[in-house]
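Just so you know, we're using numbering that gives the first Met the number 0 here: the sequence shown kicks off at 0 and counts up by one.
Read the hints as simulated data drawn from the structure, not as lab findings.
Quick caveat: nothing in here was measured; it's all calculated off a predicted structure.
Hints are not guaranteed to be accurate.
Lysine-lysine pairs mimicking BS3-like chemistry, simulated, CA-CA at most 30 Å apart [unchecked claim]: (1) K73 to K53; (2) K64 to K124; (3) K4 to K151.
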Amino acid sequence: MSMLKVEDLQVYYGSIHAIKGISFEVNEGEIVTLIGANGAGKSTTLNTVAGLLKPRGGSVQFDGKSILGVQAHKIVSRGLALCPEGRRIFLQLTVEENLEMGAYTQPNGMAESMEMVYEHFPRLKERRRQVAGTLSGGEQQMLAMGRALMSKPRVMMLDEPSMGLAPLLVEQIFEIIQNLNRAGTTILLVEQNAQMALSIAARGYVLETGRIVTAADAQDLLHDDAVRKAYLGG
């Protein structure tokens, strides 16, 4: 069943045509990845789906209903959450306070959500009274993901979760993404590390200058010569 369906999406920044009619879908239970170079339109796509940018054309359906024009916080309350590029955590608040901010659309189940987040991120439980600005980069990324999880999303969009992290931490973050998926969260992943993204995804879409140029099973993309040369360093 298709959880998220985007058709002929058109997004502009002023006169700049950033997203040029892309279409893709994410089925329930999948990990789907969007890969491409910097400036290809990956983050713009996620921000538009999340209701943070207004498209000039196309459609976005979540769970069979249009979410175009729906306010961003209402999209979250429907079960679609974005973990943004650059983490965007509240640096002056504690870990626990940051997580509480993520539960503003689901205030009744906060304690249950907190326990679930701590199960996936034991490090956050250890640091729960610590001010978020004093965490390491990897811990801050875990906190950003945990905060998004507090809204109990059925689909979670992750924008560059491995950015700026050491290789060992990248492996940890990707293992957590897989665990979240196994626990029932559908994932749409935007990632510079195409090799890692394709290794855990079911399907992938390749974006170039605002257009999808290739769509295939992730394993096929991993072994595609053109994709390897452009994004995998092979």
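Outcome of the hint check:
no.: 1; hint: K73 to K53; result: holds (15 Å)
no.: 2; hint: K64 to K124; result: violated (36 Å)
no.: 3; hint: K4 to K151; result: holds (20 Å)
When held up to the earlier numbered hints, the structure conflicts with hint 2 and nothing else.
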